[in-house]
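Just so we're aligned, residue 2 is where the sequence shown starts under this note's numbering, counting upward by one.
Keep in mind the hints are simulated off the structure, nothing from the lab. C-beta: ideal position from N, C-alpha, C; glycine also. Treat the hints loosely; a few may be bogus.
[What the hints assert, rightly or not] Computed Cβ-Cβ distance ranges for the label pairs, DEER-style:
| hint | residue 1 | residue 2 | range |
| --- | --- | --- | --- |
| 1 | 172 | 133 | 17 to 27 Å |
| 2 | 169 | 141 | 17 to 27 Å |
| 3 | 172 | 128 | 20 to 30 Å |
| 4 | 305 | 384 | 52 to 62 Å |
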Amino acid sequence: MGRAVNDLGAAMTLPNYPFDRDATLEPPREWAELRDQCPVAQVRLPSGDTARLLTRYDDVRTALTDPRFRRGGPDAARVSTTRDGGIFNRAASGTDMREGEGHLRWRRLLTRSFTVKKMESWRPRVQAMTDELVDDLLKSGSPANLSAQLALPLPVRVICALVGAPSADQDRFAHWSQVMLTLTLYSQEEVEQAYRDFDSYVSGLVDARRADPGDDLLSELTQISDSEDGRLSHQELIATVRALLLAGHETTSNMIAIMAAMLLTERERYQAVIDDPALVQGTVEEVLRLDTTLSVIGFPRVAAEDTDLGGTTVPAGSTVIPCRPAANRDPRRFDDPERFDPRRANAAQHLSFGAGAHYCLGQPLARLELQVVLGTLTRRLPTLGLRDGVDGLRLRKGLLSGGLEDVWVTW
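Using the sequences plus the hints, can you model the full thing?
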């Protein structure tokens, strides 16, 4: 259900998704139109398969939290143009971390390493890393590529320090991540090679930590896996470390660049934080809520049974795309949703980190990094601006992770 070949005639007339947009940082007009008129809309994905796009907050949250909707898998609509359909369609070989008890077991094992309290204890280290990178930025002089000189290396350094991997390998992480998150850019052969290379790399890290344990998450997880007490198999260990290294830098890196772009295109937003540093946290939440460039496809779900959403019956087996950026602008949840308001009382109710059993494990760390970066930039670079203005911003296309191409700044 949902495959284009099952309904070829209908698929030929469906809108292609993701939608085109008129401005880089603004949402495609179709989101608001569908939210008002057709909140459960059939669309055609890059693969040619069809899915139902959800654009209202309550429907998106239901798809993310209701057990009648499960994570994607080999039987879900293919998202990417590769034969396997993309990262969400690949079978989790040798693991049961995707759903149910296996997922709960995995989260219980990892959650204590990503609590708000634990992440707050990392704030001084994240601040020191940020200051060092900003020092280098200042030394290199204006203009500078904020994406390459701060947005990418900071999350890589942080997640590598937490996990116990060498941050010098950031270019390798970035390449493997992009290939694994392909939408239209890479072939199946390139994807398979990226998985093999990444898994081989992680296996080498595990062997090194087994021989010489340290005070890091990788050493801890390796010891748990080696104990064979049922909490984490060796294959799950490899998949976990790979996921941490990928997710721990890719989205946060993109979000740092997006945050800078969103605040500097409307300079009063950036100036407000300079004038009142207490607005850092609220500004970060509004950036997360209003971003339209990430999570456009997000994490597809498959209906396990016929389910009502927005007054429409979603048949069992159908793939739905919970569009979190569209939901985050739903006026049914957020008053005057298009307005940027760092003092918005319910901004943190956004769905950018998901919801329910699959709520982003690393969100306390991501929030911390964004807060530290914003506080540091507004304090140390009060004259920061975009070198090429908003017209110089370009979307990254062909990748599930979305985001922006290089963000060049001046000061």
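Hint-by-hint comparison with the structure:
no. : hint                  : result
1   : 172 - 133: 17 to 27 Å : holds, 19 Å
2   : 169 - 141: 17 to 27 Å : holds, 19 Å
3   : 172 - 128: 20 to 30 Å : holds, 25 Å
4   : 305 - 384: 52 to 62 Å : holds, 54 Å
Hint compliance for this structure: no hint is broken.
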